[in-house]
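Enquirer: Sequence:
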Amino acid sequence: MPKRWLDPAFFTDEKMKRATVPERLLAAAIIAHQDDDGRLKGDPAYLRAIAFLYDDYSLEEVKAMRDHLTQANPNIIIYENAGDEYIQLRRHKRYQKPRYYHPSKFPAPPEWPFEEQQPSGDQRETNQQPSGNQKVTQGEGKGLDLDKGRGKG
1 MPKRWLDPAF
11 FTDEKMKRAT
21 VPERLLAAAI
31 IAHQDDDGRL
41 KGDPAYLRAI
51 AFLYDDYSLE
61 EVKAMRDHLT
71 QANPNIIIYE
81 NAGDEYIQLR
91 RHKRYQKPRY
101 YHPSKFPAPP
111 EWPFEEQQPS
121 GDQRETNQQP
131 SGNQKVTQGE
141 GKGLDLDKGR
151 GKG
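Residue numbers (the UniProt record's numbering): 1 to 153.
Simulated from the structure, these hints should not be mistaken for laboratory data.
Heads up, a few of these hints could be off.
As the list claims (entries may be wrong) - Calculated lysine to aspartate or glutamate pairs in the EDC-like style (CA-CA distance at most 16 Å, straight line): (1) Lys17 with Asp43; (2) Lys41 with Asp67; (3) Lys41 with Glu85.
Please work from the sequences and hints to get the whole structure.
Expert: Right under this line is the structure:
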């Protein structure tokens, strides 16, 4: 897995003060575990494993944290494909600069690619096409900038 880096501004962002401490940890884990296309599994069991392995949070609590981050942030999208939940970070390319690009193993959200993330040349092309059975949840833009992070792959 490529290394991901958090921009120091992640910790001082005024919008992050609306998040609880566990939600901030979940946000950092989402950034750390995204792939080169800004995607990762979005089901609460997976998120609990990557963010709270040594803590006692229920799946319901993790789902509520994930959903709050989604509602507060227009840059994080939760979508379903074939009954599985995924997360897409819309602006991940602004902060994550993988050295060697690896296409995502996860399906793209239905509206992929986003305007601000047009693939450039063959480096960013993937074979992942959204299927017709996807449901998307997008934030309202009232808060958290979850995409703050920088890194090299």
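Enquirer: Taking only the CA atoms, is the gap from Lys41 to Glu85 under or equal to 16 Å?
Expert: 6 Å, holds
Enquirer: Between Lys41 and Asp67, is the straight-line Cα distance small enough, at 16 Å or below?
Expert: 14 Å, holds
Enquirer: Quick one, are Lys17 and Asp43 close enough, alpha carbons at most 16 Å?
Expert: 25 Å, violated
Violated hint: 1 only; the structure is consistent with all others.
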